[in-house]
Each structure stands twice: as structure tokens, then as C-alpha cells.
Amino acid sequence: MTDSATPSAAGDRPVPLVEFHDVTVAYGRRPVLWNVDLVIDAPCLFGIIGPNGAGKSTLLKAALGLVPLVGGTVRFAGEPLARARHTIGYVPQRESVDWDFPVSAFDVVLMGTYGRLGWFRRPGPAERASARDCLARVGLADVADRQIGRLSGGQQQRVFLARALAQEAAIYLLDEPMAGVDARSQEQIFDVLASLRAAGRLVVVVHHDLRTAAEWFDRVALIDMRLVAAGPTATVLTPDNLRRTYSGQVELLREVGLAVAERGRTS
Amino acid sequence: MSGGLPCSAALVAAASGLSASPTGSTVIGMAVPGVPYNTLVVACGVAAVGCAAGVVGSLALLRKRPLVGDAAAHATLAGVAGAFLLTGRRDLVSLLTGALVAALVGLGALVLVRRVTRTRDDAATAIVIGGGFGLGIALVSGITARGIPGGGGLEHFLLGHAAALTADDARLLMAVSAAAIALVVFALKEFTLVAFDASFAAATGWPVVLLDQALVTLVAVMVVVGLPAAGAVLVTALIVIPPVAARQWTDRVGTLVALAGGWGAAAALAGVVVTSARPGLPTGPVIVLAAACFCLLSVVASPRRGWLGRTLRAAAERRAWAAGLLLDTCLRASERGDGTFTVADVTDGRTARAAWRTLEHEGLVERLHERTADGRVPRVAWRLSGRGLDRARQRRRRAADWAAAFDRAPAAARERFSLDLPECAIATDAGATRAT
Numbered sequence: 001m002t003d004s005a006t007p008s009a010a011g012d013r014p015v016p017l018v019e020f021h022d023v024t025v026a027y028g029r030r031p032v033l034w035n036v037d038l039v040i041d042a043p044c045l046f047g048i049i050g051p052n053g054a055g056k057s058t059l060l061k062a063a064l065g066l067v068p069l070v071g072g073t074v075r076f077a078g079e080p081l082a083r084a085r086h087t088i089g090y091v092p093q094r095e096s097v098d099w100d101f102p103v104s105a106f107d108v109v110l111m112g113t114y115g116r117l118g119w120f121r122r123p124g125p126a127e128r129a130s131a132r133d134c135l136a137r138v139g140l141a142d143v144a145d146r147q148i149g150r151l152s153g154g155q156q157q158r159v160f161l162a163r164a165l166a167q168e169a170a171i172y173l174l175d176e177p178m179a180g181v182d183a184r185s186q187e188q189i190f191d192v193l194a195s196l197r198a199a200g201r202l203v204v205v206v207h208h209d210l211r212t213a214a215e216w217f218d219r220v221a222l223i224d225m226r227l228v229a230a231g232p233t234a235t236v237l238t239p240d241n242l243r244r245t246y247s248g249q250v251e252l253l254r255e256v257g258l259a260v261a262e263r264g265r266t267s
Numbered sequence: 001m002s003g004g005l006p007c008s009a010a011l012v013a014a015a016s017g018l019s020a021s022p023t024g025s026t027v028i029g030m031a032v033p034g035v036p037y038n039t040l041v042v043a044c045g046v047a048a049v050g051c052a053a054g055v056v057g058s059l060a061l062l063r064k065r066p067l068v069g070d071a072a073a074h075a076t077l078a079g080v081a082g083a084f085l086l087t088g089r090r091d092l093v094s095l096l097t098g099a100l101v102a103a104l105v106g107l108g109a110l111v112l113v114r115r116v117t118r119t120r121d122d123a124a125t126a127i128v129i130g131g132g133f134g135l136g137i138a139l140v141s142g143i144t145a146r147g148i149p150g151g152g153g154l155e156h157f158l159l160g161h162a163a164a165l166t167a168d169d170a171r172l173l174m175a176v177s178a179a180a181i182a183l184v185v186f187a188l189k190e191f192t193l194v195a196f197d198a199s200f201a202a203a204t205g206w207p208v209v210l211l212d213q214a215l216v217t218l219v220a221v222m223v224v225v226g227l228p229a230a231g232a233v234l235v236t237a238l239i240v241i242p243p244v245a246a247r248q249w250t251d252r253v254g255t256l257v258a259l260a261g262g263w264g265a266a267a268a269l270a271g272v273v274v275t276s277a278r279p280g281l282p283t284g285p286v287i288v289l290a291a292a293c294f295c296l297l298s299v300v301a302s303p304r305r306g307w308l309g310r311t312l313r314a315a316a317e318r319r320a321w322a323a324g325l326l327l328d329t330c331l332r333a334s335e336r337g338d339g340t341f342t343v344a345d346v347t348d349g350r351t352a353r354a355a356w357r358t359l360e361h362e363g364l365v366e367r368l369h370e371r372t373a374d375g376r377v378p379r380v381a382w383r384l385s386g387r388g389l390d391r392a393r394q395r396r397r398r399a400a401d402w403a404a405a406f407d408r409a410p411a412a413a414r415e416r417f418s419l420d421l422p423e424c425a426i427a428t429d430a431g432a433t434r435a436t
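Chains as they are written, first to last, in this note's numbering: chain E, 1 to 267; chain B, 1 to 436.
A couple of the hints might just be wrong.
Covered stretches of chain E, going by a simulated chain B footprint (3 or more residues, C-beta under 8 angstroms) [claimed, not checked]:
| hint | region |
| --- | --- |
| 1 | 92-103 |
| 2 | 180-191 |
| 3 | 210-224 |
Just so you know, the hints here were simulated from the structure itself, not pulled from any lab data.
Glycine included, C-beta positions come from ideal geometry on N, C-alpha and C.
Construct the complete structure from the given sequences, taking the supplied hints into account.
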């Protein structure tokens, strides 16, 4: 099941930005992702949607080589991960680090520049200016020097986003950036993501909230261990697809179905 | 990170200055007249080891692997004994080489035990500590009991005996320590990145496993060069305690590393000085006691993270809340009647009475003398002073603002709530201490 672009006039397809081919991940004998085939071929805001434990985060980690694949391949603009790392920005889940660590918000954002600095080189004025700029873009210029544990949850999430911005990537992979974040931070994060899209970047977001998914993403993939459907949001978030993804959570489905139908009528 | 770099660079400069042996030692020898040259060199060597142990230990602490050194340390004794039995020599280089091999074998065993038996980290560490140490003690006591020539003094590696070091030994320790510090300073960026967020580091292409192995090896090396001074049992303390103490005083990695290095050196130096005055004493316990005293002081008294500061701040915040709430009670009481109230009307319980004293002290309430209706029993009545009235109304407005913000967007309001103490809690200037 692929979300493919229309073939160009010459008949040869453009190289897709991200290509998952038959990706399979297993923890022990339990499959987490099974033969996931997904192609994202143009810059957009792309949502990866599914219930808890569906393997959404694992899909990102597999793409980044953080969990081993038992089968399949992932390519970025036709290149394997090793050659494409510098083009990928990553925002892990907020719970993945110890926020008592003795660094400031600015220090964390500066870490986004380490990839292009390479071994043993220290960040210089250019990197520092870039980090300051990225902090300002997520609205955190005034807490730059604060130890990260003394930021709110939404601010911490935005620090992670700013660090990814400092990577100056072409493709951004975000793992649940809206989880446990207040409405204002959510809006700010969404604005930054929209500006990335406007700048021609691909933004892939693992997201759990169906209600906002319909509103935010251009394209989505529904995942529950296997890929259920992928494509433009309005055509994918159908009651039928949602039922297949979220078997059991009926009330939620009805609500979202209504919201999607509403959106279909107005647009 | 960046702020601390100059400090760490200075540390390296200092340490390498110490290890520049021929000229450096002459300078040291002339600097303190009356103290034997040998003692001075040994003191510098042990101080350099303490410094490097603190520096390397900071990284181990940040990477949440403080006990790796313990496993390595307890295995070293077997290595020391083994090296002696194999080579029959007892110069420091061969003994410490044996110790390093044993430490690395111990760390390898740690990884194996964890992987193969699926034992948890702490249990695996305990297994390696016990096994390695048992073997070491058996070997050393075997050598001592059989009276193998030259085997005396191996037990010094158990608790540390700095007095047994020669000037050449001390120079070796200095050189290794300087190299370890230089390596940490050189790769501080990389080590910090992995310690803070290993999955981000891996995602951006850094070899996390390699960096972890480098760190663990550095820890093993520091454990080994720490052996002569602190001994196998206590050398971990030199790796763990100074960084924990340093963490209390700073929120920056560079400063943390520099402080830990400084305090490691100071503790080691204290150990040498005390044991040279009392030759019967092993060095290790003295070093560790000095480090522990400082750590205790830090954990209790450091301004921001220390127990004392946190307790006092929490109490001040509670007082500010209580005073604010009492001020509102007074305002309501005075609105109900003629603007006066008695202390009993508004205070209920110990907290409120303490808060009352605050209001009184700040001049927010003032006393009136009044007679009761029958004109006989004097009743001491109070009212809000002009300032008190202003403050109470201001506080009420703010509280209403908070409540409205909370109704509009609970998550955002709660977030602000948890970060900045709401101003409505603060009634007095004295109580207006902010949590920082």
C-alpha cells in the first residue's frame, strides 16, 4: 500500500523522500511492525496515527537505526540511512531523557549542531547564533540559560524541537511532540511545523490524538502493527479504516468520523 | 558546558604542568622548604589521581553508571596478585598493568553476566564485585601465608598506602592522570551528548557504544592508578563522591567536571598529608572520609539543591501562602461588619497564628481599643491598615485573575502555577522569596 505521487511527464518517478519497504521489527517473538510498506514522496506534514502500542514510535526508531530491523529496508531520498543521517532531524519522546541533567536549554539546542561539527570540534559563533535563533523560533529565547529541569513540560518539548531545528535537516521525524503539552505550546509547535512545510521540508509526526490529526496533517498513515492505510488525510481517515485500526474504541471513532465528515463538507 | 571549558582547560594545564617531571619536580622541591622532596612528589601524584578520578567520575555519574568503577576496582586485587605471581616482580608498572587487565576482565564479565544470565545491573555488579574480590583476597593471603619473597606489601593495595610510593611511581600516576583529564576535556562534547540523550546521539550518527566503552575504560584506568593511594575497596569513592558533591553546586557540565576534579585533588591531598603525619594509617580511608565530609556538607548546605536551602525555601513559601490566605480572611471579616475583627475571629490553628505575627510585623493590621456593648470588658479589636487593605485587595484581584485563567485554559494556568509561585500567595515583602 503506497502513497505514491503521480508519475512525471517523462514517466520516471521522482525519488521518494522516505521509503519503508517491507519493514518488520520484532521484540523477541512478538512482532511490533510487520511488513510495513510506506512511501512518502513529497514535502508535507505527515501524521503517523494509531492506537497505543501500535508500533508508531518503533517505526521512527527503525528508520533511524535505533531498533534493529528483522526484515525490510528504509531509504531516504534513495540513500541508505548511513549516507542520509545529516539530512534527518529527530525529536525523541520527552520522557526519554533525565531532565535533571546539568545543561541549559541553550546547551541542549546547541547539541543539534554537533552532527555537522564532527569529532572534537567545539561549537563556534556560527553554531551558537544558530542555536539562539532556533530557540527564538520556538519562543524560548528568554529561558535560554535556564536549567532544563526548571522548564515546563511544553517548554521542554519545544527545546527538543529547537534542537531538531538546529540540525538544519530536510526531513524531520517527531515522536509524539504533542503528548502532555499545554494548548499554547501545541499551537506554537504546530506553527513551527507548518513553517517547516512551507520551507519545503518533510515533517513526519507520530501522533495519538485523532481529533487534531484530521485538522493538522496533509497526509496520514494509519498503523496498527501493519499499515492499514496511507494517503491524503480526508481519504484515509474514513470510518472503515479507523475501525480497522482502532478495533474496540467505538465511541472515539464515532466522534472522529463526525469531525472528518464535517471537514469534508466544508472543504 | 561552554562556560566550564576554560576551567577544565586550566585543570589540564595544571595537571600536565605537574607531570612535566624533571623541571617541575625541582620547582616543587624548592617551593616548600623543609618538606622532603619525595613526599612532595608523592603528594602531587596522588592529588593528580584524585583530580582525574573526579573528572572521569563526573562523566560516569552523568551517564548513570557510577558503580561500573566498583566492579572494576574489586577485580584489580586479583590482577595485582596475579601479576606478581607471573612475573615475580613488584614494581608499580607491572602490578598496575596486572590490575588494569583484571579490571577490564571484570568489566567484560559484568557485560557477560548481564547478557547471558539476564541478571539486572545491580545484581550483576554485585556478582562481579564479590567474585573478583574473593579471588583477589585469596591470592594475596596465599602469597603472604607462603611467605613468597617480595610478596609483602601487596595488602597495601587493599586500603591504599601512599607512603610506599616512590617519586618515579608518583610521576607515572601524574602522567596517566593528565592523559585521562586531557581525553575527557578533548571529548567532553561527545561524552556529554551521549550521557544526556543516547538515542539522539545514536540517531545523529555518533558511535554510542564506542563512546561508552571509552568511558568505561577510562574509569577502569582511573581505578587502577587510584589503587596505590586509595586501595581496591575505597577507590570507587574517589570516582563517585566528588562528582556527587560537585553536582550540588552547579547546573553546568563543564563546571561540574572542574569542581569534581578540584575536590578529588583536595581529598587525595588531605589523605597524603594526614597519613604522612600518622604513618600507621592507611591512606584510602582518610581520602574517602575527607571526600565524604565535603559531600555531606554539599548535600546539606549548597544553596540551590542542598537540603537546608530547599527546606528553608519550602517553609518560606508555606509562610507566604499562609500570610496571603490570612490577609484575605481579614479582608472578608472586615467587610462583614464595621471593618474590625478580633484575632480569634480570623486565626484558627497554629499556622494562622504564625501568619498573624507576620501580618502584624509587616504593619498590615493595626490595633484599636474598643469597649464592648456593656462598656466593661475591654475587647482588643483590629483592622486592616491602609497598606494592608491595599495589599489584600490587590491579592484578591490577582487570585481572581488566576482563577479566571484556570477556567479558560487549565493546563496552561497550571503550568504557570507550578513554575512561578502565584503572586496571590505572597502577602508580604519578607515572604516574597521566589523558588529559583
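Now for the hints, and whether the structure bears them out:
For the region 92-103 of chain E, the stated coverage by chain B is satisfied: 7 residues place a CB nearer than 8 angstroms to a CB of that chain, which reaches the threshold of 3. Here the region 180-191 of chain E counts 3 residues with a CB under 8 angstroms from a CB of chain B, which clears the bar of 3, and the coverage holds. Check result for the region 210-224 of chain E against chain B: violated, 0 residues qualifying (beta carbon to beta carbon below 8 angstroms, three or more required).
Comparing the model with each earlier hint shows a violation of hint 3 alone; every other hint is respected.
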